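Participant: The chain contents come next:
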Amino acid sequence: MIRWWAQPSGFPVFIPYLYPLFILLLPLETPVWLLLIIGFFTGLTVDVFNSTAGMHAFACVLIAYLRTNVLNALLPKHLSEYGNQIPGIKNMGWVPFLTYSGFLILIHHVAFFTVEMWSFHNIGYLLLKIVASAFTSMLLIVCYLLLFTRQTALRN
Amino acid sequence: MRNFILFIRRFSNFLLFAVLEIVCIILIARTNTLQGSDVLSSANTVVGLISEKRDNIAYYFRLRDMNDSLLKENARLQTLFALSHKSYDTLKDSLVSQSYTSRDSTHIIQYANYIFRTARVIKNSVTATNNFITLGRGSEQGVRKNMAVISGNGAVGRVLYVSNNFSVALSLLNVKQKVSAQLKDGTIGSVMWPEGNPDVMIMEDISQQIKVNIGDSVFTTSYSFFPQDILIGTVIKKKIVKKNNLQFLYVKPATNFRNLQYVYIVENTKMEERLKLEDSTLTNTKK
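For the record, the sequence lines run as chains S and Z. Counting in the working numbering, the first sequence runs from 2 upward without gaps. Counting in the working numbering, the second sequence runs from 272 upward without gaps.
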């Protein structure tokens, strides 16, 4: 099963992207205009290395814009009350954070792969690629969270 | 006026968002014409330098594979050399010039004159919808746009962007462009990539009268920017499309795009003249 999954010829190509996490983990009270500009330049940097001018930047600006709305919908207090905290499982909890990141990653992948393919000829393949990539990205994000979240319980 | 300023203040974020997205769309549209600028590609000097540094580290670990492929290619060239006593003119280390002639009873027609330059692959991908290969040679070493890129095993792609010391080639694994191809009996068709698996390309619309066997080779033609008779791949499967009763061939590329290390950039010195003539023919018939 794992071998079949990992072989590029066995399963439609899936490409996880972990870099949107940078935009997702910016401090909660970052103003929207700054988010948009950071998102744009993050995307552009990735684009330059992949020769895909503008495609990553397009998807990044989209999720940077939607980020505030999603966070407002998921968090109980207004964003400006959180001060300098960053979104994470400690101040949001597992389920809200995974909903937040999962939703935005899915939107990022939908935007990116649609723009990359630029046709709905084989829409089944496109959907499978989006779902497989988003799933793998989420797995990697969970790994990242498990590795880089401070375990306060262990320190005491 | 006051209302206008209020409107801008209220929707400033949305306006910024819209402007940035439009910038992105313009960037995408410019590159999608296949003739876009090379500022934002990996032929860019800074990105090229970083890729080259990274490749220098990875390079060491692939020496063994490269030895094998060079040996294989040497053997192939030796047999070619033994078969036909053509003269190879070595101008410079790694620069080989070879003229392409076709003997037609009494006349000798020379329609192409090729210069081969070696180049290191410093960045490569097989997973995207349009895959690009960054090469460590640029305009200062004589690389120009639209030159063909081949490897020891077969066809690879076409140079798209060139900077001073780097160039980016569009590999055959792309959905933008078909490549003119012929079977060994001379049937002309075109090979394209249906995206996804880097081991399968397709050749459509071959009429049923033409006998194709599994394992037949598919070559490039002189119609395209590639030199003639460069191997593209071998037929691995064929089926007949019910809709129009034509054959549909699956082709396995001869080049292993996953571990490309060295390629040849092929310059055709007579291409410019040919393209000029063909273009003028096109514009004249339009009038």
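Don't read these hints as lab results, they were simulated from the structure. Please read all numbers here as calculations on a predicted model, not as lab measurements. In this text, a Cβ means the ideal position worked out from N, Cα and C, and glycines have one as well. Mixed in with the good hints, there may be bad ones.
Quick list of simulated restraints, FRET-style, between CB atoms [what the hints assert, rightly or not]:
1. Ile87(S) to Arg347(Z): 50 to 60 Å
2. Glu30(S) to Phe285(Z): 11 to 21 Å
3. Arg347(Z) to Met139(S): 19 to 29 Å
From the structure, some residues in chain S lie toward chain Z, with a derived Cβ separation under 8 Å [unchecked claim]:
4. Leu22
5. Ala74
6. Glu82
7. Met118
Away from chain S, derived, C-beta distances all over 12 Å, residues of chain Z [claimed, not checked]:
8. Leu287
9. Leu334
10. Leu431
11. Glu466
12. Lys482
13. Thr540
Participant: For each hint, tell me whether it holds in the structure or not.
Facilitator: The hints, checked one at a time:
Separation of Ile87(S) from Arg347(Z) is about 58 Å and conforms to the stated range, judged on CB atoms against 50 to 60 Å. Roughly 19 Å separates the CB atoms of Glu30(S) and Phe285(Z), a value that falls within the hinted 11 to 21 Å. In this structure the hint that Arg347(Z) and Met139(S) lie 19 to 29 Å apart at CB is violated, the actual value being about 47 Å. The beta carbon of Leu22(S) comes no nearer than 20 Å to any beta carbon in chain Z, farther than 8 Å, and the hint placing it at the interface is violated.
For the restraint placing Ala74(S) at the interface with chain Z, the shortest Cβ-Cβ distance is roughly 17 Å, beyond the 8 Å limit, so the hint is violated. Annotation: interface hint on Glu82(S) violated; nearest CB of chain Z at approximately 20 Å, more than 8 Å. Hint status for Met118(S) relative to chain Z: holds, with the closest Cβ pair at about 5 Å, below 8 Å. With a least beta-carbon separation of about 5 Å from chain S, Leu287(Z) fails to lie farther than 12 Å from that chain, contradicting its non-interface assignment.
Under the 12 Å C-beta cut-off, the non-interface status given to Leu334(Z) relative to chain S holds; the minimum distance is some 24 Å. Consistency note on Leu431(Z): stated as away from chain S, yet its beta-carbon is not over 12 Å from all of that chain's, at 8 Å minimum. Non-interface status of Glu466(Z) relative to chain S is broken: a Cβ of that chain comes within 12 Å, the nearest being about 8 Å off. With 12 Å as the threshold on Cβ separation, the claim that Lys482(Z) sits away from chain S holds: the shortest Cβ distance comes to roughly 28 Å.
Residue-level check passed: Thr540(Z) sits 28 Å from the nearest beta carbon of chain S, beyond 12 Å.
Going through the hint list in order, the structure does not satisfy hints 3, 4, 5, 6, 8, 10, 11.
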